[in-house]
Amino acid sequence: MAYHCIVCVKQVPDTGNITGEAMKADGTVNRAALPAIFNPEDLHALEAALQIKDKFGGRVTAITMGPPGACEVLRECLYRGADRAVLVSDRRAAASDTLATSYILSQAIRKIGDFDLVFCGRQAIDGDTAQVGPQLAEKLMIPQITYFEQLVELSGNTIRIRRNTGNGWEILESRLPLLVTVIDTANEPRPPAARKVMKFKRARAQMELAGEIAREMPSASEDEKKSAVTNRIQELKSDGLLIDQWDLDYIAADLQWCGVSGSPTKVHRVQSIVLTKEGFTNIEPTEAGVRKMIHELIIDHTLG
Amino acid sequence: MIEVNRQGEVWFFAEQEDESLNEVSLELCSKARELADRLKVPMCAVLAGWNVRELSYRLIAHGADKVYYVHDTRLEDYRTLPYARTLVQLIHKHKPQVVLFGATAIGRDLAPRVASEMRCGLTADCTDLAIGDYTDPKSKQVHKDLLMQIRPAFGGNIIATIINYDRWPQMATVREGVMKMSTPDPKRSGQIIEEKVEFNDFDLSVKLIERHREARKVNLKGARIIVAGGGGVGSKENFGLIHDLAGVLGGAVGASRAAVDSGFIGKEHQIGQTGTTVRPALYIACGISGAVQHRAGMEESAKIIAINWDKDAPIFGVAHYGIVGDLNKVIPMMIKAIRERGADAIAPEMKPEGVTAPAIV
Chain D
2 MAYHCIVCVK QVPDTGNITG EAMKADGTVN RAALPAIFNP EDLHALEAAL
52 QIKDKFGGRV TAITMGPPGA CEVLRECLYR GADRAVLVSD RRAAASDTLA
102 TSYILSQAIR KIGDFDLVFC GRQAIDGDTA QVGPQLAEKL MIPQITYFEQ
152 LVELSGNTIR IRRNTGNGWE ILESRLPLLV TVIDTANEPR PPAARKVMKF
202 KRARAQMELA GEIAREMPSA SEDEKKSAVT NRIQELKSDG LLIDQWDLDY
252 IAADLQWCGV SGSPTKVHRV QSIVLTKEGF TNIEPTEAGV RKMIHELIID
302 HTLG
Chain E
4 MIEVNRQGEV WFFAEQEDES LNEVSLELCS KARELADRLK VPMCAVLAGW
54 NVRELSYRLI AHGADKVYYV HDTRLEDYRT LPYARTLVQL IHKHKPQVVL
104 FGATAIGRDL APRVASEMRC GLTADCTDLA IGDYTDPKSK QVHKDLLMQI
154 RPAFGGNIIA TIINYDRWPQ MATVREGVMK MSTPDPKRSG QIIEEKVEFN
204 DFDLSVKLIE RHREARKVNL KGARIIVAGG GGVGSKENFG LIHDLAGVLG
254 GAVGASRAAV DSGFIGKEHQ IGQTGTTVRP ALYIACGISG AVQHRAGMEE
304 SAKIIAINWD KDAPIFGVAH YGIVGDLNKV IPMMIKAIRE RGADAIAPEM
354 KPEGVTAPAI V
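These protein sequences, in sequence, are chains D and E. Residue numbers for the first sequence follow this note's numbering, so the first one is 2 and each next one is one higher. Residue numbers for the second sequence follow this note's numbering, so the first one is 4 and each next one is one higher.
No wet-lab data here; the hints were simulated from the structure. None of the values given here were measured: they were computed from a predicted structure. Virtual Cβ for every residue (Gly too), placed ideally from N, Cα, C. Please note that the accuracy of each hint is not assured.
[As the list claims (entries may be wrong)] Listed below are several chain D residues computed to face chain E (Cβ distance under 7 angstroms; list not exhaustive):
#, residue
1, A3
2, E154
3, N158
4, T159
5, I172
6, A194
7, V198
8, G280
9, I295
With the rest of the complex left out, here is chain E:
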């Protein structure tokens, strides 16, 4: 661990694979920027790999003041131990006050290893981060400007705020897709600082034999519109309705855990705490009751339409438009309305002055 260090920088681990940055790295970039501005300290990225210096410019454009770049063939492919050594050595050297990781397969493998070696705290899978003060209930001592690490716990039924006031750095992994990515500014300038890290035999003891990448067949995170079905859809055949609606909207198909568990659709479509977290422009929940685990993965969507026969379904609590009714009737009506969306199809009394309905992309 390091001592409490109020001048310490705010860091995040810039995750890259095959010379491209993981999206969550850029999401972290804007959150880390916000935290650093609040603390009035520099915001820095740690970038490790082989021949990936170019990625530094993107990190700077997204808000990094400095990029600590470790250029080493032994870091070309992600492996736990050499990456953990890299982070631990750099943290000891520069003593940042905050270190963030994406809650990805890599981040969740790496961050606990680093935290354990640093003997510092780590909060998993945060959905929000903020800076705030904490008063110890016993000693009444006030700890100012701590990292508030906010995460769902207990199967998503509660939201806990976790702090770490004495054994720093304050570390957290952050769930993918929940932080907004900022618009890059290519004119921003920043420093690239090359760092060298020493590895021992143990660090290099695990060898990569073979790697196989599967392109993500379902791109839920990138979708502007998602149509999701739940247990209320009733059958695999009936799930065709969900595909149809997504088809006319050019959206992706999502599903609740109930629909996946019932075999209506594959797990790669699952949205929610154990699936993908999404924040599309439009989320249409069909026959989804809205268990907390599901809501945790979609409630940040800009607009939510819920269709459910049960007027008391919790999904209506997060929806902007609620339709209490039979989705077998409502979805075909929606498809029809979308197809006929031209100005002519809209009743004259609803047609606002000077607006023609734009085509749906």
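Next comes chain D alone, as it looks inside the complex:
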């Protein structure tokens, strides 16, 4: 039996490598200065889906929500073996919290339709919330298994998964469809396949084309640019390289549940981390210095 897996992926700023330049003078983070990367655990989610396709047959659809630049992670999915890529992009989706995001993704996944498994990375490194997976499962009205570690068995409509529980593991059995969140110890993500890179490096979503054409034809008139975009779309479509691009209307999202109005959580205040320094004692790296420190710690009952 072949399975249709949908993988949710996210392009994130590389928060793991924040350097001095990425901090603004007021102490806030300058997102623009950070490289955008494929959210690490989403690569493991993609790998889990691809392994199911390899073993049982079927197809893998990758979906992301974000600005046109997020197509970069969709192409990365195609390079590794995804069969289809969908970009959900709409200015009205900006400032969505996890609840609104999960609602929008659920509408897009309903539009894709006819799926057996939804895979998400456990969490994204920019927010570290691990909320979108379970919230998306609830919105799709399907069960969830978080912290996927290993596929134990898949047969017909029934799946057994080993999940990490933090203090060991457990094996759960569920009916399909099911949503799974994947941790980084689950598998080793495959690298892009050279042949697929050759094929899909030209893959584009419509929104990316306007910018590209403008750069390629700086002196052309607006009409010329427009028709160039139309031609390019036709070309890509016939080559199977047009990335689906959907807005909130297309996925029939109720705007009340999207973006700012769909987000119950609001950011009240943001502070950069301020180091507190009170009662600091500099200790000389000498026997006497160390001895004095140990003695103080004994006196104040830190030791003993």
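Given chain D, work out where chain E should sit, using these hints.
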């Protein structure tokens, strides 16, 4: 969601497994008590399971006014859907204004499912909670006595305060080990209220086949003293120094992400945002530069000693004692000083009147 309900109780989910309460439940208990006192409303725990009524008394001793206890064989082992159904039904029935969960494997699986069904807000992994007012910058409307949900964001580089003023309950998960546990008062009294929950077939559709528990080999959270090494330790062999120092102090061994990534020591020793959060009586950071991700996991320690050759290392910013020097020299000096800690070893001019150095336990 429920409407804004100023009389609503403050709740937390009391997480239990194998008939014992998770430590974070007791940490939540004291924080929830503080919030409830500030709001002048009752503080209540939700306890679900099979034959775990006894645990209610502990929750009451730690500050709960009421325990909503759901006794059901189908809740014996944690599974997402029946537990989510339990929380959703009880929230609809009692309309609490605040619901807290531990940011544990269970809490982070359960809370988003519940929040999604309630269509209310949820803030993950809070490191602090407070009650405060919020003025909407556009409408100038003042929302009084909201739950301020404080958490690190963006890889720990910023601290964000999140609020939810209209779609209640206000929900948050709280990181393990950051809230202080209060001393229990066995004489406190409280109510145990038994609740029944209806499950449908869907709620029970995921089955537990097998479960395997591994005892935590490393008990960082329970350690009074932690000696942690970072990338500056240099090699796996050299990490022996860290073990030695921890050995003479009777402490646990911790590590920064750099040390774990370099293969000096296993991931179960990692302290910081992606590892364990600790607040021991004494934290000794050796060769740890002190990236925000690491500091987020240890800066609440009562006393911090930092040893680093780089005088500008950020770790010194949170340290109480800083030693700028080579840890290969400093650690053996410390071991020696600790071993010789008897009164005789302390120079007479440093020996205070009437104090003899106690033995180190």
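Outcome of the hint check:
1. A3: Violated, because the Cβ-Cβ distance from A3 (chain D) to chain E comes to roughly 23 angstroms (cut-off 7 angstroms).
2. E154: With a minimum Cβ separation of about 10 angstroms from chain E (threshold 7 angstroms), the hint on E154 (chain D) is violated.
3. N158: violated (11 angstroms)
4. T159: violated (10 angstroms)
5. I172: holds (4 angstroms)
6. A194: violated (28 angstroms)
7. V198: With a closest approach of 28 angstroms, the V198 (chain D) hint is violated.
8. G280: holds (6 angstroms)
9. I295: For I295 (chain D), the interface hint holds, since the closest Cβ of chain E sits about 4 angstroms away, which is under 7 angstroms.
Hints 1, 2, 3, 4, 6, 7, counting from the list given before, are not met by this structure.
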